[in-house]
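**Student:** The listed protein sequences correspond, in order, to chains A and B.
Just so we're aligned: 23 in the working numbering is position 23 of the first sequence, and the numbers increase by one with no gaps anywhere.
Quick note, the working numbering runs 257 ahead of the 1-based positions in the second sequence.
These are computed hints drawn from the structure, not numbers from a lab.
All C-beta atoms in this analysis are idealised placements derived from N, C-alpha and C, irrespective of residue type, glycine included.
One or more of the hints may lead you astray.
[As the list claims (entries may be wrong)] Here are some, though not all, of the chain A residues that point toward chain B, as calculated from beta-carbon distances under 8 Å:
| # | residue |
| --- | --- |
| 1 | Met43 |
| 2 | Thr44 |
| 3 | Ala49 |
| 4 | Val54 |
| 5 | Glu60 |
| 6 | Val68 |
| 7 | Leu163 |
| 8 | Arg221 |
| 9 | Asn224 |
| 10 | Met225 |
| 11 | Cys227 |
[Unchecked claim] List of simulated lysine-lysine pairs, DSSO-like, C-alpha gap at most 30 Å:
| # | chain 1 | residue 1 | chain 2 | residue 2 |
| --- | --- | --- | --- | --- |
| 12 | B | Lys352 | B | Lys333 |
| 13 | A | Lys250 | A | Lys24 |
| 14 | B | Lys352 | A | Lys76 |
| 15 | B | Lys352 | A | Lys249 |
| 16 | A | Lys249 | A | Lys76 |
| 17 | A | Lys24 | B | Lys333 |
| 18 | B | Lys333 | A | Lys164 |
| 19 | A | Lys249 | A | Lys164 |
Given next are the chains, with one letter for each unit.
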Amino acid sequence: MLSQSFHLSDQELLLWADGEVSSKRAAGIRRHLNGCWMCRARMTELEHAIGDFVQVYRRELDVKLPPVEGPRALLKARLAERAGATPAGAHRWFRQAGVAGAVAALLLVTAIAWRMVPHADRASLAGAIPNVNLTPGATNPIGIQDVCSASFSSNDPAVPDDLKREVWREYGLRDGAANAYEIDYLVTPQLGGATNIRNLWPQPSRHTVWNARVKDALEDRLRNMVCSGQIDLATAQREISRDWVAAYKKYFNSRFE
Amino acid sequence: MADEPIDSALDIRLLAAAASAKRGRRGPEEEITELFEQWRGALLRYLSTFGLPPHDGEEIVQEVFLALYSHLRQDKARTNLRGWLFRVAHNLGLKRRIAERRANGVAADVDNLPHPALNPEEELASSQRQRRLSSILHALPEQDRRCLYLRAEGLRYREIAEVLGMSLGSISASLARSLARFQRADER
C-alpha cells in the first residue's frame, strides 16, 4: 500500500504512464496520485518535458524526405527478385505434392522462368543506360573547386526545347513520350556534365528500378565523394558515363541485379 | 518492473491484424511495400541520428524491409513490427557507422551527431527554452539520447528496451535521468 508520506519516483511515474506496472501496483499509484498534489504536478512536468523534447527532436531532425517513388520502386524490384529466388514454403509443398506433381511443377516453373527472366531483365534495364554511341557523355572543363563550391548550383540547368526535340528524334521517340521519359544529363552538370546532345538521353522517369531518382542519389553520392577527396573528378565522370547502374551498385554497395 | 504480462503495443497489434486480414488478398510484397511507405520517414529520421549520410540511411531502410520480408515469409512473429523495424534499423545503423568511421580513420565510439546551426530566422523563432533543451540533449550520453529519440518516434519503453538491448528498468532510469537534467536546466 502506498501512502502519501513519501512520493513516487520519476521512474515509477514513467513506467506507470506507459502501462508497465502490474494492475495491483497501478491501482496503488492511482490512489496515491489522487491524494498527492506533488506527484500529480511532477507527472505533469515529466509529460511537458517529454513534449518539449519531441519538439526539439522533430525540429532538428525532420529531414526533408526525397519522394518515396524511387526507393519504393527499388524495394519492389528487390522483393520481386527475392520472391523469384526463394519461393515461400516450396520445400514443404514439394514433399506433399509427390514426385510427379513436383516434376510437373518444376517444368512449369522452369518454363515460366525461362520466359519471364529475360523480360524482367529487359524491363528493369530498358532505357536506363543510354546508347553509348548516341550518348557517350560530354563534359565541360571544370575543376574540383567549382564542383565543390558552396555557390555551385545543385540543380541541373534546364535543357532547351529544341535540344530536347533533337534528343527525342535521335532516339526515335516522339515528343508524346515525354510522360514516360525525361531528358536527363548522363554526366550531371554538378560533376561537370555539358548541355550537349552527346550528354543527354531520354531516361525512364518512373515505374522502373533504375530511374532518374535513383541516378540522382548516385550523383549526390559521387559529388560528396569527389569533394571529400575519396575519388577524383575524372573518375566520377568516367564511372557515371560508362555505366551508371554499375556505378550505383559499386558506390552504394548494392547487390541488386 | 511489471509482474504480469503487459500488452505493450495496441497500435502494432491493430496494424498486424489489418495486415493479416489483407494477407489473403495480397501478396507479401504488397504488404511490405505498404509498411515501407508507412515507416520509411520515421526510420530515416532515426537513422539520421547516427550521423550517416542520407543515402546510407535510405539504403539501410531498404535492407530493413528486405529483412522484414524474409522474417514474414518464415512465418515468424508479427507482433510488434514497429519495435522489430527499429531494432533492425538500429543494429544496421550502428554497423554502418562503425564501418564508415573505420574507413575514414575516425574512432568508432566518437559520436558526431549533426547539430545543425540555426539561421537567423530560426534563431529568432526558437524559444530560449528549446535551445537550452537542445544543448542538454546534445550533452547527454548516446544511450540516454537514443532512449529519447525512440520515445519521440512513439515507441513504448518496452519497445525501446528491445531496440537498445537494455532492461525496462534501465530505460525508465535513463529517461528519468534525462528529464531531471532538463528540469535542473529550467531551474537555473
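**Student:** With reference to the structure, classify each hint as holding or not holding.
**Tutor:** Here is how each hint holds up against the structure:
Checking Met43(A) against chain B: minimum C-beta separation of about 11 Å lies over 8 Å; hint violated. Look at Thr44(A): its Cβ only gets to about 12 Å from chain B, farther than 8 Å, so that hint breaks. Using the Cβ-Cβ criterion of 8 Å, the hint placing Ala49(A) at the interface with chain B is satisfied: the shortest such distance is roughly 5 Å. For Val54(A), the interface hint holds, since its Cβ comes within 8 Å of a Cβ in chain B; the closest pair sits about 4 Å apart.
A cut of 8 Å between beta carbons decides the hint on Glu60(A): the least distance to chain B is about 6 Å, and the hint holds. About 6 Å separates the beta-carbon of Val68(A) from the nearest beta-carbon of chain B, less than 8 Å, and the hint is met. A cut of 8 Å between beta carbons decides the hint on Leu163(A): the least distance to chain B is about 30 Å, and the hint is violated. Taken as an interface hint, Arg221(A) checks out: its beta carbon lies about 5 Å from the nearest beta carbon of chain B, inside 8 Å.
At about 7 Å, the closest approach between the beta carbon of Asn224(A) and any beta carbon in chain B falls short of 8 Å, and the interface hint on this residue holds. This hint is violated: Met225(A) has a C-beta 10 Å from the nearest C-beta of chain B, more than the 8 Å allowed. The beta carbon of Cys227(A) comes no nearer than 12 Å to any beta carbon in chain B, farther than 8 Å, and the hint placing it at the interface is violated. Restraint check for Lys352(B) and Lys333(B): the C-alpha separation of about 24 Å stays at or below 30 Å, so the hint holds.
Taking the CA atoms of Lys250(A) and Lys24(A), the gap is near 58 Å; set against the 30 Å cutoff, the hint is violated. Of the pairs offered as hints, the one joining Lys352(B) and Lys76(A) holds, with about 25 Å between alpha carbons and a cut-off of 30 Å not exceeded. A distance of roughly 19 Å separates the Cα atoms of Lys352(B) and Lys249(A); the hinted pair therefore holds under the 30 Å criterion. Between Lys249(A) and Lys76(A), the direct Cα distance comes to roughly 17 Å. Compliance with the 30 Å bound is thereby established for this hinted pair.
Restraint check: the Cα-Cα separation between Lys24(A) and Lys333(B) comes to about 33 Å, which exceeds 30 Å; the hinted pair is violated. This hinted pair does not check out: Lys333(B) and Lys164(A) have alpha carbons roughly 52 Å apart, beyond 30 Å. Of the supplied pair hints, the one linking Lys249(A) and Lys164(A) holds, its CA atoms being roughly 29 Å apart against a limit of 30 Å.
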